[in-house]
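Protein chains: 2
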Amino acid sequence: MIKIVLLGAGNVATHLYKAFKTTGNIKVVQWYNRNLKAIESFKNEVNITDSVNNLTEADLYLIAINDDAIENLSTSLPFKNRLVAHTSGSASLYDIDKKHKRAVFYPLQTFSKDVELDITTVPICIESLRKQDYTLLKNLGENLGCKVYKVNPKQRPALHLAAVFVNNFTNQIYRIGHEIAESQGAEFDILKPLITETARKIQDVSPYMAQTGPAKRNDKKTIKRHLRLLDDQDHKDIYNLLTNAIKKTHGA
Amino acid sequence: MIKIVLLGAGNVATHLYKAFKTTGNIKVVQWYNRNLKAIESFKNEVNITDSVNNLTEADLYLIAINDDAIENLSTSLPFKNRLVAHTSGSASLYDIDKKHKRAVFYPLQTFSKDVELDITTVPICIESLRKQDYTLLKNLGENLGCKVYKVNPKQRPALHLAAVFVNNFTNQIYRIGHEIAESQGAEFDILKPLITETARKIQDVSPYMAQTGPAKRNDKKTIKRHLRLLDDQDHKDIYNLLTNAIKKTHGA
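Residue numbers (the numbering used here), protein chains in the order written: chain Y, 6 to 257; chain U, 6 to 257.
Read the hints as simulated data drawn from the structure, not as lab findings.
Predicted model, so just to flag it, every value in this text is computed and none were measured.
One thing to keep in mind: the hints can contain errors.
Because identical chains share one entry, a pair is satisfied inside a single copy or across any pair of copies.
Restricting the straight-line Cα-Cα distance to at most 25 Å, the calculated cross-link-like pairs of lysine-lysine (DSS-like) are [to be verified]: (1) LYS159 - LYS241; (2) LYS152 - LYS8; (3) LYS103 - LYS226; (4) LYS253 - LYS118; (5) LYS241 - LYS252; (6) LYS143 - LYS26; (7) LYS226 - LYS253; (8) LYS118 - LYS221; (9) LYS221 - LYS197.
Build out the structure end to end from the sequences listed, making use of the hints.
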């Protein structure tokens, strides 16, 4: 049994809490949040608190809060030599006060408040200073049914940055597709199967091999026609930049 | 029974041929290609030809070739007043010689030679000048199990342009994610569940609502850290442009 005190009440914390609850070998013994209201609805199933001075003993103190607040919260914890991990993709392991055993348990996925998520599809990236801490966090991830990856201090920020590209930037590209379709009264729904297939394809084939289209073929006529169709200067700039990036990648 | 002469042997033609073959109400009565070699392996199951003068009678002549070649091929067809449709998202309906009944049957999907595809997931965008031609093409699409959309001459190019964004540009973004991860020896596989979830999320929620991340939050510290991590100037430019686009979209 891995006993956890969970700290924070955002999307990641809430999704993790619900996932922990479903497994037999993990117990959230306490849930801390600065603002008790955010977790009050769980008070019948778990001990909740808004005071670090009331924190109970556990195998792991898991901090799932804003990056900027990790350092202060970890310093304010009134104990030492216990395992304290944060869930950030971006914050350093060393943001955690050095009085603790420090580690990172980074679930690389997009968590939204109202969108259900199958936790077993979430890869867990683990960084730790000591082998036994890694083992505990690996057990934790595997008990959730997740794939677990050991990462180093350079890999995790790189993965977080890559995640911004494939998640936030891709989503903005979807948004632009939505705008272009709707500008002519065409349904965004028509594009959804293509979006699904584009994401599915690279599960088996590298993005390099999966590429098609006018930029890869350097089809100047189509590119010119597309640029004429775009009246938003930002969309034009993104079209040009990504078209040139594809041309460069594929030597077109 | 809809009798089709298929013209062309690229990815779209080949995927359509295989899909037509599986349905009871559609028969490819002949397959034409300029270069017979490309379709020779099908000669035991369908009449093949490399000469427009040998073309047989059919309800539909479906041209699935490069945009630039549509006009010439349609002109060279030695008959008139028959239904001739092309499958391009970009070429005009009027690229087809006016001696024919002209239409467009545009399957909005990414077709790769060696990637199997469930044809029923492919939306078909139809443009036609006459109602009865629309009806025939709609039947054709529905017989394949596809969703069929009637589009106008402004909507189809807009959808094609939007498709370049959500397919080619998204794929290039995946490619950059791949490069960033591998630059630190991290596996691209770690990012695949996030890619899947990002595409899945917008099936139910608009891309606007689905957006998260440092750009939307205008998290200057993380953005600065990301820009420091990027050493490729093209990646930096794309990061800046898309970050600013997200900020603008979400008023951050």
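Status of each hint after checking the structure:
In this homomeric assembly, LYS159 and LYS241 come within 25 Å of each other (Cα to Cα) only across copies, at 18 Å, whereas the closest approach inside a single copy is 34 Å. For a Cα distance limit of 25 Å, the shortest separation of LYS152 from LYS8 inside one copy, 21 Å, qualifies, whereas the shortest one across copies, 51 Å, does not. Proximity of LYS103 and LYS226 under a CA criterion of 25 Å is satisfied inter-copy only: 22 Å between copies versus 60 Å inside one chain copy. For a Cα distance limit of 25 Å, the shortest separation of LYS253 from LYS118 across copies, 23 Å, qualifies, whereas the shortest one inside one copy, 39 Å, does not.
Proximity of LYS241 and LYS252 under a CA criterion of 25 Å is satisfied in both settings, with 16 Å inside one chain copy and 17 Å between copies. Proximity of LYS143 to LYS26 under the C-alpha cut-off of 25 Å is restricted to the intra-copy arrangement: shortest distance 17 Å within a copy versus 50 Å between copies. Only within a single protomer do LYS226 and LYS253 lie at most 25 Å apart by alpha-carbon distance; the minimum there is 18 Å, versus 31 Å between protomers. Taking CA atoms no more than 25 Å apart as the test, LYS118 paired with LYS221 passes between copies only; the shortest distance there is 16 Å, against 38 Å inside one copy.
When the C-alpha separation of LYS221 and LYS197 is checked against a cutoff of 25 Å, the pair qualifies both within a copy, at 22 Å, and between copies, at 23 Å.
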